[in-house]
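Asks: Sequence:
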Amino acid sequence: MVEAAMKAFGLDTDVHTSSLFGSGLIHNTYIIKDKEGAPAYILQKVNHFVFKKPEDIAHNLKLMGSYISHFHPDYLFTQPHATLKGEDYYYTPEEGYFRLFEFIKGTHTADVCRTALQA
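To get my numbering, take the position in the sequence shown, counting from 1, and add 13.
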């Protein structure tokens with residue numbers, strides 16, 4: 014399943030490996046590492062039972078990325094990579110929707126906000 018999505022984004026499965034990453038609170042998230050074992054990408058299988066229109070998420074991310082890069086070019090905002098076909102996500106009826114992001118070292122997500130600042 015994950016290998017087909019990796020290939021759709023142009024990742025060589027002989028060079029890159031995948032493993033589950035994080036808590037998987039909403040999406041199934043995988044870390045993609047290069048042959049030296051360094052984190053390279055985050056691959057997410059979008060939970061289309063929670064997000065009924067994943068294509069709308071992709072569209073909104075593209076709009077936000079365009080706005081941020083134009084008005085706040087120094088702000089770190091990672092946008093999903095396009096597939097080899099130029100699509101915003103990889104989709105199959107059997108497997109669902111996948112999106113690929115650069116791995117950003119030193120970042121994390123909070124499953125539960127403990128402070129107002131985290132929210």
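Since the hints were derived computationally from the structure, they do not count as laboratory data.
All C-beta atoms in this analysis are idealised placements derived from N, C-alpha and C, irrespective of residue type, glycine included.
Incorrect hints may have been included.
Pairs of lysine-lysine residues, derived as DSBU-like cross-links and limited to a Cα-Cα distance of at most 30 Å, are as follows [said to hold, decoys possible]:
no.	residue 1	residue 2
1	Lys-48	Lys-58
2	Lys-98	Lys-48
3	Lys-46	Lys-20
4	Lys-118	Lys-20
5	Lys-20	Lys-65
6	Lys-20	Lys-58
7	Lys-46	Lys-58
8	Lys-66	Lys-48
9	Lys-118	Lys-58
10	Lys-48	Lys-118
11	Lys-46	Lys-98
12	Lys-20	Lys-66
13	Lys-98	Lys-66
14	Lys-20	Lys-48
15	Lys-20	Lys-75
16	Lys-46	Lys-118
17	Lys-98	Lys-118
18	Lys-58	Lys-75
19	Lys-98	Lys-20
20	Lys-65	Lys-75
21	Lys-58	Lys-98
The following label-pair restraints were derived from C-beta to C-beta distances [to be verified]:
no.	residue 1	residue 2	range
22	Glu-49	Ala-129	36 to 46 Å
23	Ala-129	Ala-17	33 to 43 Å
24	His-85	Ser-32	25 to 35 Å
25	Gly-23	Leu-130	29 to 39 Å
26	Lys-48	Gln-131	27 to 37 Å
27	Leu-97	Glu-68	14 to 24 Å
28	Gly-23	Pro-106	29 to 39 Å
29	Leu-130	Pro-106	33 to 43 Å
30	Glu-49	Ala-132	13 to 23 Å
31	Lys-98	Asn-60	17 to 27 Å
Asks: Taking the beta carbons of Ala-129 and Ala-17, is their distance inside 33 to 43 Å?
Replies: holds (42 Å)
Asks: Regarding Glu-49 and Ala-129, is the given constraint of 36 to 46 Å on their beta-carbon distance met?
Replies: holds (40 Å)
Asks: Take a quick look at whether Lys-20 and Lys-65 sit within 30 Å of each other, Cα to Cα.
Replies: Holds, at about 25 Å.
Asks: That 14 to 24 Å hint for Leu-97 and Glu-68 (C-beta), does it hold up?
Replies: holds (18 Å)
Asks: Holds or violated: 33 to 43 Å for the Cβ distance of Leu-130 and Pro-106?
Replies: holds (41 Å)
Asks: Against the 30 Å threshold, does the CA-CA distance of Lys-58 and Lys-98 hold or violate the hint?
Replies: holds (18 Å)
Asks: With respect to the beta-carbon atoms only, verify the hint that His-85 and Ser-32 lie 25 to 35 Å apart.
Replies: Since the Cβ atoms of His-85 and Ser-32 sit about 33 Å apart, the hinted range of 25 to 35 Å holds.
Asks: Measure nothing beyond the straight line between the CA atoms of Lys-58 and Lys-75; if it is 30 Å or shorter, mark the hint as holding.
Replies: holds (18 Å)
Asks: Between Gly-23 and Leu-130, does the C-beta distance stay in 29 to 39 Å?
Replies: Since the Cβ atoms of Gly-23 and Leu-130 sit about 37 Å apart, the hinted range of 29 to 39 Å holds.
Asks: Would the hint linking Lys-66 and Lys-48 be met if the CA-CA limit is 30 Å?
Replies: Answer violated: Lys-66 to Lys-48 is near 35 Å, above 30 Å.
Asks: Take the C-alpha atoms of Lys-98 and Lys-48, compute the straight-line distance between them, and say whether it is at most 30 Å.
Replies: Distance of about 25 Å is within 30 Å: holds.
Asks: Look at the Cβ atoms of Gly-23 and Pro-106 and judge whether their distance stays inside 29 to 39 Å.
Replies: Once the Cβ atoms are compared, 22 Å apart, the range 29 to 39 Å for Pro-106 and Gly-23 is violated.
The structure fails to meet hints 8, 28 and 30 from the earlier list, while all remaining hints are met.
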